[in-house]
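K.L.:
Take a look at the letters that make up each chain.
2 protein chains.
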Amino acid sequence: MPAKDVYHNVVRTALEKDGWLITDDPFKLKCGTKDLYIDLGAQKLIAAEKGQQKIAVEIKSFLSPSPVTDLENALGQFILYYDILEEQGSDRILYLAIPQRTYTEIFTEPIGKILLKKNRLRLLIFDQKQEGIVQWIP
Amino acid sequence: MPAKDVYHNVVRTALEKDGWLITDDPFKLKCGTKDLYIDLGAQKLIAAEKGQQKIAVEIKSFLSPSPVTDLENALGQFILYYDILEEQGSDRILYLAIPQRTYTEIFTEPIGKILLKKNRLRLLIFDQKQEGIVQWIP
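Residue numbers (the numbering used here), protein chains in the order written: chain R, 1 to 138; chain Z, 1 to 138.
Hints are computed from structural coordinates only; laboratory data are not their basis.
A portion of the hints provided could be inaccurate.
Intra- or inter-copy, both count: the list cannot distinguish identical chains.
[What the hints assert, rightly or not] List time: in silico BS3-like cross-link candidates among lysine-lysine, alpha-carbon distance up to 25 Å:
1) Lys118 to Lys129
2) Lys118 to Lys28
3) Lys30 to Lys117
4) Lys4 to Lys113
Model, not experiment: these values are computed from the prediction.
Same shape as in the complex, but just chain R (with noise of 0.2 Å):
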């Protein structure tokens, strides 16, 4: 299994106290002979009629000296599991979790928001310091 992000609890906590029950560390996803481990899978009870939400959440630190080869390899992670997940008939919303100064220095900028205007991500913007879901970007 690979090495859990640096973030990996704060969004596991922040998930949480949004209601949400943390229902696999790692999610993990068989793909032929590979093993892939998305970092939470999470489930949340809508309303009583609806059943459950269920997601499952990648996340990245962006902590290397370079944005934009950061966002390459989140981006290409994400687009293998969606695949992946949809190959498979998942009922699973796939989400990337990203710290809120990652959204402002990527996503507001032209680089990022190509990729959400081709709806390439959907995104998770947490708060690392209050340990908190900001925003969702589906």
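For this one, chain R is given, so just place chain Z on it according to the hints.
P.N.:
Relative to chain R, chain Z alone:
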């Protein structure tokens, strides 16, 4: 500028043997304040009346201990470049150049097949010993 891939010159030679004129090494892409560099830009005369075909080629050797991580990183880079080229109205077709060994190890397995089925990538498969192009998967 990023370091050149270990197979940079192999792919350059393979393209030249196939009748391509290398026009950019690297091919620079500007997006807002960020500069990105795709490994090669090339063009070829298709037929006098049809004009030039233009490509951009990103080369990935897949030599890290984790081929899945290599795949994720290559995929993210490809999609980011693809989206920027499209956004800027470029007529350049983007390819990911990979060695034949990687095609066999990754793209004949479910994890790579899913990506090809969803048309996430265009591949240029090369033989690093012969320094030749084996196959284009558009």
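K.L.:
Next, verify each hint and record whether it holds.
P.N.:
Hint-by-hint comparison with the structure:
no.: 1; hint: Lys118 to Lys129; in the structure: neither (30 Å within a copy, 39 Å between copies)
no.: 2; hint: Lys118 to Lys28; in the structure: between (27 Å within a copy, 22 Å between copies)
no.: 3; hint: Lys30 to Lys117; in the structure: between (30 Å within a copy, 18 Å between copies)
no.: 4; hint: Lys4 to Lys113; in the structure: neither (27 Å within a copy, 28 Å between copies)
Consistency note: the structure conflicts with the earlier hints numbered 1, 4.
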